[in-house]
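Numbering (numbering that gives the first Met the number 0), first residue to last: 0 to 208.
These aren't lab readings, by the way, just hints derived from the structure by calculation. Hints are not guaranteed to be accurate.
What the hints assert, rightly or not - No farther apart than 30 Å at their CA atoms in a straight line, the calculated lysine-lysine pairs in the DSS-like style are these:
1. K78 <-> K117
2. K70 <-> K158
3. K93 <-> K70
Claimed, not checked - Distance windows between CB atoms, simulated:
4. Y46 <-> L11: 17 to 23 Å
5. G162 <-> I5: 29 to 35 Å
6. K158 <-> N15: 33 to 39 Å
7. L6 <-> K43: 20 to 26 Å
8. K43 <-> A112: 16 to 22 Å
9. S145 <-> F86: 28 to 34 Å
Glycine included, C-beta positions come from ideal geometry on N, C-alpha and C.
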Amino acid sequence: MLQSPILKELNLARTNLSWFKPTYLNVSSTLRLLNHKFTGLNGKWPYNILNLQHLEHLDLYGNSLNGLWPKINTTIPLKSLNLGLNFLSREIPKSVRHLRFLTYWNLFRCCLAGSLPKSIAKLHHLTHIDLAYNKLNGTIPFGLFSLPSLEVFNLHFNKFTGGLPPRVLSRSLKESRLYEYELDGNVNQDSFTHVKSLVLSTFHWLIIN
């Protein structure tokens, strides 16, 4: 089915595919949209899923896929990536810098560990990023706070440490959750005036000027 030269979109969200091996997605195709949200897929991540040369929207939210990060095509035109509620067994790779067209990125509760690569701050088209409920640690790259189009920025319930930049928030930001960390630093209160939903509770030490 996925080898059809004319197939552009495949939406099987909430269809029971638990008897399929996820390797059936390891094909080259003309797909631009693939939605397999809540389909019961389980087993190892299909190695080729981020190597489809025309793919713009990928949604595998709420399955039981596990293992290492799929290889990322250096020219993939991906705009929306939703892998939340799955399992990724290592830190976010530096190769995410190749997702330069990405606007929506959800890795909510994926058992991620390690630090955030600084290359994330080069994804200038991002409007939504959710990395909440993982085991990420280290410092948060300051460049994330100044992404020009960022509207939703959720990193809560991780293990980040270190400081925050004095002027924290992108002017486009509407929602941010950055709580349950041992972060510290001096933050200018003017950074928050345009944000509709902001949670900065349970910081180790945070001064707002």
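Verification of the supplied hints:
For the proposed pair K78 and K117, the alpha carbon gap of about 20 Å is at most 30 Å, so the pair holds. A threshold of 30 Å between alpha carbons decides the hint, and for K70 with K158 the separation of about 26 Å falls inside it, so the pair holds. Straight-line distance between C-alpha atoms of K93 and K70 comes to about 11 Å, which keeps the hinted pair within the 30 Å bound. Hint check: Y46 to L11, Cβ distance near 20 Å, so the stated range 17 to 23 Å holds.
About 52 Å separates the C-beta atoms of G162 and I5, a value inconsistent with the hinted range of 29 to 35 Å. Checked against the hint of 33 to 39 Å, the pair K158 and N15 passes, with Cβ atoms roughly 36 Å apart. Between L6 and K43 the CB atoms are about 24 Å apart, so this pair conforms to the stated range of 20 to 26 Å. Look at K43 against A112: about 18 Å separates their beta carbons, and that is inside 16 to 22 Å.
Checked against the hint of 28 to 34 Å, the pair S145 and F86 passes, with Cβ atoms roughly 31 Å apart.
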